[in-house]
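Those protein sequence lines, which keep their order, are chains A and B.
Converting from the first sequence to our numbering requires adding 9 to each position, the first position being numbered 1.
Converting from the second sequence to our numbering requires adding 4 to each position, the first position being numbered 1.
What the hints contain is simulated information worked out from the structure, not anything from laboratory work.
Every residue, glycine too, gets a C-beta built ideally from N, C-alpha and C.
Among the hints, erroneous ones may be present.
What the hints assert, rightly or not - Calculated cross-link-like contacts (lysine-lysine; reagent style BS3-like; alpha-carbon spacing at most 30 Å):
1. B:Lys142 <-> A:Lys219
2. A:Lys219 <-> B:Lys182
3. A:Lys35 <-> A:Lys203
4. B:Lys183 <-> A:Lys85
5. B:Lys142 <-> A:Lys85
As the list claims (entries may be wrong) - Take a look, some chain A residues computed to stay more than 12 Å from chain B by CB distance:
6. Tyr28
7. Lys35
8. Asn78
9. Glu123
10. Glu144
11. Glu180
12. Glu207
13. Arg225
Each chain is listed here by its residues.
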Amino acid sequence: MALPFYVSPEQMMQDRAEYAKKGIAKGRSIIAMEYADGVLFVADNPSNSLFKISEIYDNIAFSGAGKYNEFESLRKAGIQHADVKGMMYSREDVTARSLANGYSQMLGTIFSQEMKPYEVELLLAQVGETAEHNELYRISFDGSIVDEQRFTAIGGRSEAILTLLRKESPEHCPSLKDALTLCHSAFERVSDLKPSLEGLEVAILDRTRKGRKFRRLPIQEARRILE
Amino acid sequence: MATWQAQTQQSLPHSGTSIHQAPALPHGTTVLAFTYQGGVLIAGDRRATEGYQIASTRMEKVFQTDDYSAMAIAGAAGPCVEMAKLFRIELEHYEKLDGQPLTCEGKANRLGQMVKANFPMVLQGLVVIPLFVGYDQKRAIGRIFKYDITGGRYEETDFHAVGSGGKDARLTLKEHFKKRLSEQDAIQVALRALVNAAEEDVGTGGPDLFRRIYPTMKLVDHQGVRDVEESVIAALCEPLMNRHQDE
Numbered sequence: 010m011a012l013p014f015y016v017s018p019e020q021m022m023q024d025r026a027e028y029a030k031k032g033i034a035k036g037r038s039i040i041a042m043e044y045a046d047g048v049l050f051v052a053d054n055p056s057n058s059l060f061k062i063s064e065i066y067d068n069i070a071f072s073g074a075g076k077y078n079e080f081e082s083l084r085k086a087g088i089q090h091a092d093v094k095g096m097m098y099s100r101e102d103v104t105a106r107s108l109a110n111g112y113s114q115m116l117g118t119i120f121s122q123e124m125k126p127y128e129v130e131l132l133l134a135q136v137g138e139t140a141e142h143n144e145l146y147r148i149s150f151d152g153s154i155v156d157e158q159r160f161t162a163i164g165g166r167s168e169a170i171l172t173l174l175r176k177e178s179p180e181h182c183p184s185l186k187d188a189l190t191l192c193h194s195a196f197e198r199v200s201d202l203k204p205s206l207e208g209l210e211v212a213i214l215d216r217t218r219k220g221r222k223f224r225r226l227p228i229q230e231a232r233r234i235l236e
Numbered sequence: 005m006a007t008w009q010a011q012t013q014q015s016l017p018h019s020g021t022s023i024h025q026a027p028a029l030p031h032g033t034t035v036l037a038f039t040y041q042g043g044v045l046i047a048g049d050r051r052a053t054e055g056y057q058i059a060s061t062r063m064e065k066v067f068q069t070d071d072y073s074a075m076a077i078a079g080a081a082g083p084c085v086e087m088a089k090l091f092r093i094e095l096e097h098y099e100k101l102d103g104q105p106l107t108c109e110g111k112a113n114r115l116g117q118m119v120k121a122n123f124p125m126v127l128q129g130l131v132v133i134p135l136f137v138g139y140d141q142k143r144a145i146g147r148i149f150k151y152d153i154t155g156g157r158y159e160e161t162d163f164h165a166v167g168s169g170g171k172d173a174r175l176t177l178k179e180h181f182k183k184r185l186s187e188q189d190a191i192q193v194a195l196r197a198l199v200n201a202a203e204e205d206v207g208t209g210g211p212d213l214f215r216r217i218y219p220t221m222k223l224v225d226h227q228g229v230r231d232v233e234e235s236v237i238a239a240l241c242e243p244l245m246n247r248h249q250d251e
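One chain only, chain B, in its complex shape:
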């Protein structure tokens, strides 16, 4: 425990200055988001790990935060879920007190402050890195925001993925992402990115056809947030996973 903690503490403050020391990245997750024709899609795998053990195979990492926004999380499971819950309550609380919801920008900024407030916990090794998406009703577009551990907030125009398999997912998205994908194509691309990430990364769980565990996805558009049906994802999973089979 002691050495592990010393390592994290050492790696963090220097992460910006030394390229040899990797910053404390959250482990055991792939969550991704990208824009499509109607708005923005957000998706995540289902695996939670504890060291070399699989802690859960049915973890939910994508959360609806209000009528027009959703977030996905990577990092220590407890604080992650707590932050998503608290953020949702805060948005609702604001909406009720003020009589109208926050703007997309306002929500993204507020989440940044919450990530920043979590920084002392990051030094203890409890990292929370969210990925936030929202439908901006004023501009009629889907927007994506990523965060660093200090609460820095950066907007992505096309796509992003975080977590231990984030890089692998990003590589797939780089290849297959196109502007204004149709809803069907977007679901296909998201699934492909998650499957590829699961193949490369031990911390990411792929679709489990045997137990019927599939990644979760949400679409955020002008109508609000809706889940992609499990049956839709299931139907796409099998051909995707069998594509490398010998004839």
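Looking at chain A on its own, in the form it has when it is part of the complex:
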């Protein structure tokens, strides 16, 4: 019997991480940014039927970058988890923190135990009663989880976008118009293809809404806001 080749664990993890990163780097980016009344999501997404941003629960939104089928299955799992939990206990017991934990567990297990890691990055946001209670989480392909403040980005050009936003984002919470302008210009500057407003998917978690806070902003409305 031939002995299998020895591969050191470090090497194996590094290979997997590289594989996943390569996959994510091909994907387009998504920004989440806190604004005066909630959280704004902007995704570089030319399709207006296949969404990258979606509602998970009353005050929680999700977006995924990377391989579509993979983040789509994670999105569905999240909705399932949230709806079951909300029905068994109460609607207030569904939190982004516990969802982010669940995602982190799932991605971590997949990264170390499956044949192939998921080539995805996730962004989870919860809008709070006040701006101090907003929560932003970024979860990577290996299950590592980062609790972010004010803004965050995932996907292919996320590093470039983050560098740009760190430099230009205002100290205080911007208005929806300012936040959207900033996100739009960030996309324009880091991308080679210069996505027009039509190529963006925009959604908000608006704390002034009653019940479900998530709302998609159609392009006409986004344009009106920018004017």
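Since the structure of chain A is provided, determine the placement of chain B on it from the hints.
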């Protein structure tokens, strides 16, 4: 208990074949729905009974199920509220997974399946009969669906009412319903039907001016679902209830 159960079980399977045996109708409620100019109105009384006792005077029987639909329920309170809650969650769940809400027809069918799934409980005496209304955005009309205990789904074009006072409410609606009523008139007609039902039926609670308990109503139109303000209903209640007073 034993005799009561035997009675229900006996009356149910034969309800279709014998006209002498009444089917197991839900007790202690009047909920109604009818179309009006903008869409559809749905309303219900507030009384819940336990045998000859009044279990609650402030029960809510009309529920918003999503942005463009609502339901009202008659039957055993526990399973009724449970079904309304579950139905609401299911509609939201579908909308989130699929990215768009179900059509009005789809929602009505899904509710029919839920009523059907409840059939074993009906044999135990726990009946749930919903009344479902929705605004059909494609056709721009309000629609009404009624159900039987087996999950059969029937669309009504004008009006319907269920519960122990349902028949009395239907009689009033038959007299006063007109196509394309204005919103104001629709509220008036709904209230009249509920007051009449409460006068005829012990299981239905009328407006309680002393404790300020009024029927609840929702309007479902192209803008979505909204409650009729309690103050609006209260203002209409008093003249309606005093109409038989001697001069």
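Status of each hint after checking the structure:
no. : hint                  : verdict
1   : B:Lys142 <-> A:Lys219 : holds (25 Å)
2   : A:Lys219 <-> B:Lys182 : violated (34 Å)
3   : A:Lys35 <-> A:Lys203  : holds (16 Å)
4   : B:Lys183 <-> A:Lys85  : violated (44 Å)
5   : B:Lys142 <-> A:Lys85  : holds (28 Å)
6   : Tyr28                 : holds (29 Å)
7   : Lys35                 : holds (24 Å)
8   : Asn78                 : holds (15 Å)
9   : Glu123                : holds (24 Å)
10  : Glu144                : holds (19 Å)
11  : Glu180                : holds (35 Å)
12  : Glu207                : holds (19 Å)
13  : Arg225                : violated (10 Å)
Checked against the numbered hints above, the structure breaks hints 2, 4 and 13 and satisfies the rest.
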